[in-house]
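With the hints as a guide, bring the two chains together.
The primary structure of each chain is shown beneath.
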Amino acid sequence: MTIAFIILAVITVAGTAAAMGMRNAVHCVLALTVGFAGVAAIYLQLDAQFVGLTQIMVYVGAVAILAVFAIMMTHSPSPTKPPTYSSYWLMGSIVAAAVFAVLAWAVVSSGAHTQSLPSEPTVSVQQIGDALMHRFVLPLEIMGLLLTAALIGAVVIAMDHNEEIK
Amino acid sequence: MNSLQSYLLLSSLLFSIGLAGALTRRNAILVLIGIELMLNAANLNFIAFWRFGPAPAALTGVMFAIFSISVAAAEAAVGLAIILAAYRHSKTTDLDQMNSLKG
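Chain order of the listed sequences is V and Z. Residue 1 is where the first sequence starts when you use my numbering, and the numbers rise one by one after that. Residue 1001 is where the second sequence starts when you use my numbering, and the numbers rise one by one after that.
Chain Z extracted, bound-state conformation (with noise of 0.2 Å):
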């Protein structure tokens, strides 16, 4: 029998996993790839708080986690092109270097 505590313990480990890489990582994509992990620990919470809920046929927490699935997929893309231009403009992609904000 699974617990909602045990699909929490699960999102808040990959939520520390995600924050470990951000904050880690040297890579910029790998920073982002981590942010990434993190929303989906907060969506396994959204899913899993709807499973558990007094009512599941309202879909509130479904369509939570399809809000925020699209919200992270814009994201992907407006922070991997950031990276692109950023890459092009200093031929880095290592965050220790990137310090400069005036080009």
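Excised from the complex, chain V in its bound form (with noise of 0.2 Å):
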């Protein structure tokens, strides 16, 4: 293992496990994208620029803001503060701890570590762009419409009704 991928496995699981742990919601949002960028990190470590550059648009440029947004427009100035975990805590804590060790012994018994990395791919946003209007042209066109169609469901399901009537 080279020291920039523990580095970047440092962060990335920190991040994400402040933004799992910590209190405010805010914070927990911050944290995220620690964790979101870490990612992207380590998709251009792997040689897959257009992915971590699309993780960093996409993850830490507009999903931690649209979260950031409903957490400030859900905010309820309450007196009591609530409790950050539900009470099922202990038991959601050890379903994950026990996947996780399902999965690292998979993982591990998989004889996976025997695969030596191959040599560098060539692979320019021009290859990916033939391949998104060739081969993978259908599948573009659904993600076309399913992206329309959520964010007019988005729209529609956050709208407030009642102003209607008003």
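To be clear, the hints were calculated from the coordinates, so they are not data collected in a lab. Check the hints yourself; a few may be wrong.
Stated by the list, open to error - Have a look at the derived ranges for each label pair, beta carbon to beta carbon: (1) 1096/Z <-> 49/V: 41 to 47 Å; (2) 1100/Z <-> 119/V: 55 to 61 Å; (3) 7/V <-> 1096/Z: 35 to 41 Å.
As the list claims (entries may be wrong) - Partial list, derived from the structure: chain Z residues whose beta carbon lies under 10 Å from chain V: (4) 1020; (5) 1024; (6) 1027; (7) 1043; (8) 1044; (9) 1070; (10) 1074; (11) 1078; (12) 1095; (13) 1101.
Given the structure is predicted, the values throughout are model-derived calculations rather than measurements. Just so it is clear, CB atoms sit at the ideal spot from N, CA and C, and this is done for glycine as well.
What follows is the structure, given as structure tokens:
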């Protein structure tokens, strides 16, 4: 393992663990951006530049901002602070730890460590565009339809229906 | 020398952190963020298998990751809109108090 991978993995795991563990929801999202940026850096390290930059734009740029807006719009100043964790937190943690144990056991016993890193692939953005426009053009169109439907649906769901009646 | 194993272990750790968050947090927005983390772990697997796979020139893993990121973005937008609508209705995002489907 290289030093760069260890540093990036520590940053990613620390950011995401802080995002799932801190009390203040806005702090959680700020820690989450660190975790997402760490994942993007790991993509860059794996020579997937386009996916890494997409990750930065979509997750760090859009999803985190959307989550911050949602947290600010649903913030209720209550005198009694509600507990951060649900009443089933012990069971949830045990299930998550068990899932990690099973996954780690499967990965370690799979013999994936014998796989050596192939030579660096030369992937240009032009190749990705060609693939999107030829081989993957149908999924691309369906994705455009899905994003349009999701955008319109999100606006309709989040709209305040009481204001129309007034 | 990085092996495929280290990336897979990192992604299973990310998945477990997201699962723990989704199962234990009370705030609905943070549960949604936990689900996003699990999707991110899956994307990391796609990219790692693409990079270590026999035919990286086919770009299949990259395409999978790009489409998965798009679906995750649509899911986040709709999920947050649903949380906003539920908050407007029940004045809380606390999942332990949201226990009624009937308005």
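Right, here's what the structure says about each hint:
1. 1096/Z <-> 49/V: 41 to 47 Å: holds, 43 Å
2. 1100/Z <-> 119/V: 55 to 61 Å: Roughly 58 Å apart at Cβ, these two residues keep to the hinted range, so it holds.
3. 7/V <-> 1096/Z: 35 to 41 Å: holds, 38 Å
4. 1020: holds, 4 Å
5. 1024: For residue 1024/Z, the interface hint holds, since the closest Cβ of chain V sits about 4 Å away, which is under 10 Å.
6. 1027: Check passed: Cβ of residue 1027/Z comes within 6 Å of chain V, closer than 10 Å.
7. 1043: With a minimum Cβ separation of about 8 Å from chain V (threshold 10 Å), the hint on residue 1043/Z holds.
8. 1044: With Cβ-Cβ at 6 Å, under 10 Å, it holds.
9. 1070: Hint holds; residue 1070/Z Cβ to chain V Cβ min 5 Å, cut 10 Å.
10. 1074: holds, 4 Å
11. 1078: Holds, because the Cβ-Cβ distance from residue 1078/Z to chain V comes to roughly 5 Å (cut-off 10 Å).
12. 1095: holds, 6 Å
13. 1101: violated, 16 Å
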